[in-house]
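Line by line, the protein sequences give chains H and F.
Sequential numbering of the first sequence, starting at 1, is according to the numbering used here.
Sequential numbering of the second sequence, starting at 359, is according to the numbering used here.
Simulated from the structure, these hints should not be mistaken for lab results.
Quantities reported herein were computed from a predicted structural model and do not represent experimental measurements.
C-beta: ideal position from N, C-alpha, C; glycine also.
Hints may contain errors.
[Claimed, not checked] Here are a few chain F residues that face chain H, going by a calculated C-beta distance under 8 Å:
#, residue
1, 374
2, 379
3, 383
4, 420
5, 447
[As the list claims (entries may be wrong)] Incomplete in silico selection of chain F near chain H, CB under 8 Å:
#, residue
6, 365
7, 368
8, 375
9, 376
10, 377
11, 381
12, 385
13, 451
14, 471
15, 474
[As the list claims (entries may be wrong)] No farther apart than 25 Å at their CA atoms in a straight line, the calculated lysine to any residue pairs in the SDA-like style are these:
#, chain 1, residue 1, chain 2, residue 2
16, F, 429, H, 76
17, F, 488, F, 465
18, H, 190, F, 369
19, F, 429, H, 175
20, F, 429, H, 57
21, H, 229, H, 191
22, F, 488, F, 412
23, H, 41, F, 475
24, H, 348, F, 364
25, H, 175, F, 364
26, H, 348, F, 370
27, H, 301, F, 364
28, H, 41, F, 477
29, H, 144, F, 477
30, H, 175, F, 474
31, H, 301, F, 413
32, H, 144, F, 475
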Amino acid sequence: MSSGSAPKGGRDIVAYFAGHLANLVNGNDVLSEREPTIVIKPFSLYEKVRRALAANRRYSEVLVGVWAYPQPNTAEDAADFYFDNVLDRPIGSRGAEPSSADNLAGLISSRAVGPFPARARGPLSIWKALVGGATTLRRFSEQKELFELSNRILKCLDAANRPYAEVLRLGLCPKEWLVGDDAIGVNTLKSANALLKALKAEMRGVYGRRPSQGELEAAFALAPVPGFKDARTFAATLFGSAILTRLAGQDETLLTSFEAVEATIGVEAEAEADQPLMEAEEAAPYLDAAHAAGAIDGEEKRLLVAIMGGRSLAEVMGSNLYLRRRLKSDFDNDLEAYLDDLSTRTAKFVAAAARARP
Amino acid sequence: MANQFNETETVRFLRTLRVTTQTALAQYALQRGRQAARPTATFMALAAKGTGDWRFPASGLMSADGLVLAKLTREATGAPILELQAQGLVGLSLYASRTARIVFASGLKAQGAFDRDGRLRLVLEETTIKEADLAAFELELLDEAP
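Please work from the sequences and hints to get the whole structure.
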């Protein structure tokens with residue numbers, strides 16, 4: 001069993017951000033549980049979101065990737081760009097099916113109190129799905145309802161955040177490669193990342209230099225980038241040259257960020273799943289198995305059952321002396337680190353058990 | 359039992375685990391901030407060591423709830439400037455764009471507004487306040503959350 005305070009992984013920060021947005025939309029930062037409705041105030045919500053993106057270090061470093069923005073850009077500039085190009089990025093639908101943003105807008109509209117104007121035609125963004133319809137909503141009072149709101153926001157983020165995260169993963173600035181004449185399509189970005197991964201393997205961890213022609217060709221043979229006939233052609237383009245230059249200038253921040261950013265987009269199978277969230281009873285066998293195998297202990301299993309069943313974290317932790325002691329002794333009272341560790345242990349066990357299935 | 363898990367249901371479980379735990383954490387952080395939103399936050403320096411006058415710590419003074427850091431700088435004229443900066447997501451959610459009043463131990467009061475980045479800058483009159491007066495003070499929010 002691992003313990004200790006680990007930095008929040010990239011995979012979790014996207015889900016945390018979705019949960020944060022859901023809670024802000026639901027007014028959980030200012031309203032008591034007794035308030036039945038929430039009035040959506042777009043500018044106030046915008047200020048809270050923008051401020052969080054600029055000032056929260058984990059958002060700023062992993063989600064927004066402020067390290068990739070050259071001077072004189074500031075954390076505020078990067079947050080603004082992230083807002084415009086991720087949160088307010090139109091999300092297209094696949095075929096005749098509604099997009100993830102349409103589904104989010106549908107959920108918001110289903111909570112409307114009184115009449116509201118029709119939404120504008122065309123693809124919606126996360127932001128427009130949240131604030132472009134009804135202004136007064138019945139609050140998502142049941143925890144299960146709040147989880148569903150968070151889940152729908154996360155589905156949108158999985159789509160809208162992808163191109164941005166792919167540019168960051170290359171070590172490049174989204175402002176330079178996501179918009180304008182040099183904008184690169186998401187499929188090329190994905191291929192370039194596969195090439196970069198192969199190239200890093202060829203370079204055997206010795207970065208801070210340009211790869212040799214042999215290393216570049218070997219990597220390109222393993223992970224070619226469509227539209228470029230060979231490694232030399234790719235490296236000669238502005239885009240290829242930028243990647244190799246960034247690789248040559250590797251620093252610790254960038255290396256750390258590569259891993260974290262990669263984790264934000266390494267859940268393709270999960271993102272494509274369009275099933276509803278599980279009920280607590282459906283999840284119970286998985287938690288039982290994780291407990292039986294020793295991946296989590298009995299009290300930790302009870303904690304996860306309680307969270308999935310809709311009890312508040314404050315209530316569960318407040319009533320469990322064992323968990324509070326463990327939190328203090330092993331995680332220095334950092335509840336986020338403890339829950340991330342617990343969630344990671346559980347997920348690793350369940351994923352491995354499913355893979356081992358005959 | 360584990361080998362009975364099929365791929366679709368496993369994906370559902372992993373998604374549910376991820377969404378529920380992270381949403382619960384975000385909710386916990388925001389509600390903790392709301393609970394911490396008492397009318398006043400107190401700043402209290404440790405007892406001074408040594409024989410000289412008490413000096414405001416260069417690293418700043420943290421409020422008792424850990425949500426605001428106070429630092430002391432000076433204008434070119436020498437007038438003291440008390441800079442308050444809300445800390446973390448919870449501090450920012452609570453203090454940004456809010457009007458606040460500082461009440462010093464000497465009874466002197468000063469008022470200002472946190473900007474949208476959670477920063478409040480108060481230029482003080484050197485003739486009316488001494489550095490030692492800044493060893494203990496209270497921060498009081500005057501308006502409702504936006």
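Structure-based check of each hint:
Using the Cβ-Cβ criterion of 8 Å, the hint placing residue 374(F) at the interface with chain H is satisfied: the shortest such distance is roughly 4 Å. Using the Cβ-Cβ criterion of 8 Å, the hint placing residue 379(F) at the interface with chain H is satisfied: the shortest such distance is roughly 5 Å. Below 8 Å, beta-carbon pairs count as interface contacts, and residue 383(F) has one with chain H at about 6 Å; its hint therefore holds. The closest approach between the C-beta of residue 420(F) and any C-beta of chain H is roughly 16 Å, which is over the 8 Å cut-off, so the hint fails.
A least Cβ separation of about 5 Å between residue 447(F) and chain H falls short of the 8 Å threshold, and the interface hint therefore holds. For residue 365(F), the suggested interface contact is upheld, since its CB lies about 6 Å from the closest CB of chain H, less than 8 Å. With a least beta-carbon distance of about 4 Å to chain H, the hint placing residue 368(F) at the interface is held under the 8 Å criterion. A distance limit of 8 Å between C-beta atoms decides the matter here; for residue 375(F) the minimum to chain H is near 6 Å, and the interface restraint holds.
Annotation: interface hint on residue 376(F) holds; nearest CB of chain H at approximately 5 Å, less than 8 Å. For residue 377(F), the interface hint holds, since its Cβ comes within 8 Å of a Cβ in chain H; the closest pair sits about 5 Å apart. A hinted interface residue such as residue 381(F) counts as satisfied when its beta carbon comes closer than 8 Å to some beta carbon of chain H; here the least separation is about 3 Å, so the hint holds. At a threshold of 8 Å, the smallest CB-CB gap from residue 385(F) to chain H is about 5 Å, leaving the interface hint in force.
Proximity of residue 451(F) to chain H holds as hinted, the smallest CB-CB distance being about 5 Å (cut-off 8 Å). Checking residue 471(F) against chain H by beta carbon gives a least distance of about 14 Å; that is not within 8 Å, so the hint is violated. With 8 Å as the threshold, the beta carbon of residue 474(F) comes within range of chain H, its nearest partner Cβ sitting at about 6 Å, so the hint holds. At roughly 22 Å between alpha-carbon atoms, residue 429(F) and residue 76(H) fall within 25 Å of each other, so this suggested pair holds.
A threshold of 25 Å between alpha carbons decides the hint, and for residue 488(F) with residue 465(F) the separation of about 12 Å falls inside it, so the pair holds. The straight-line distance between the Cα atoms of residue 190(H) and residue 369(F) is roughly 23 Å, inside the 25 Å bound, and the hint therefore holds. Annotation: proposed proximity of residue 429(F) to residue 175(H) is violated, straight-line Cα distance about 34 Å (limit 25 Å). Under the criterion of a C-alpha separation no larger than 25 Å, the hint pairing residue 429(F) with residue 57(H) is consistent with the structure, at around 20 Å.
With a C-alpha separation of about 13 Å, the suggested pairing of residue 229(H) with residue 191(H) holds against the 25 Å cut-off. Our distance criterion of 25 Å between C-alpha atoms is met by residue 488(F) and residue 412(F), whose separation comes to about 10 Å. A C-alpha spacing of about 19 Å is found between residue 41(H) and residue 475(F), which places the hinted pair at or below 25 Å, so the restraint holds. For the hint pairing residue 348(H) with residue 364(F), the CA-to-CA distance comes to about 15 Å; that is within 25 Å, so the pair holds.
Proximity of residue 175(H) to residue 364(F) is assessed by CA-CA distance (about 42 Å); at most 25 Å being required, the pair is judged violated. Between residue 348(H) and residue 370(F) the CA atoms are separated by roughly 14 Å; this keeps the pair inside 25 Å, and the hint holds. Between residue 301(H) and residue 364(F) the alpha-carbon distance is near 21 Å, which keeps this suggested pair within the 25 Å criterion. Distance restraint check for residue 41(H) and residue 477(F): the Cα-Cα separation of roughly 23 Å lies within the 25 Å cut-off, and the hinted pair is therefore satisfied.
Only pairs whose Cα atoms come within 25 Å are accepted, and residue 144(H) paired with residue 477(F) is rejected, the gap being roughly 36 Å. A hinted pair counts as satisfied when its Cα atoms are at most 25 Å apart, and residue 175(H) with residue 474(F) qualifies at roughly 24 Å. This hinted pair does not check out: residue 301(H) and residue 413(F) have alpha carbons roughly 51 Å apart, beyond 25 Å. Of the supplied pair hints, the one linking residue 144(H) and residue 475(F) is violated, its CA atoms being roughly 33 Å apart against a limit of 25 Å.
Consistency with the previously given hints fails for numbers 4, 14, 19, 25, 29, 31, 32, ordered from lowest to highest.
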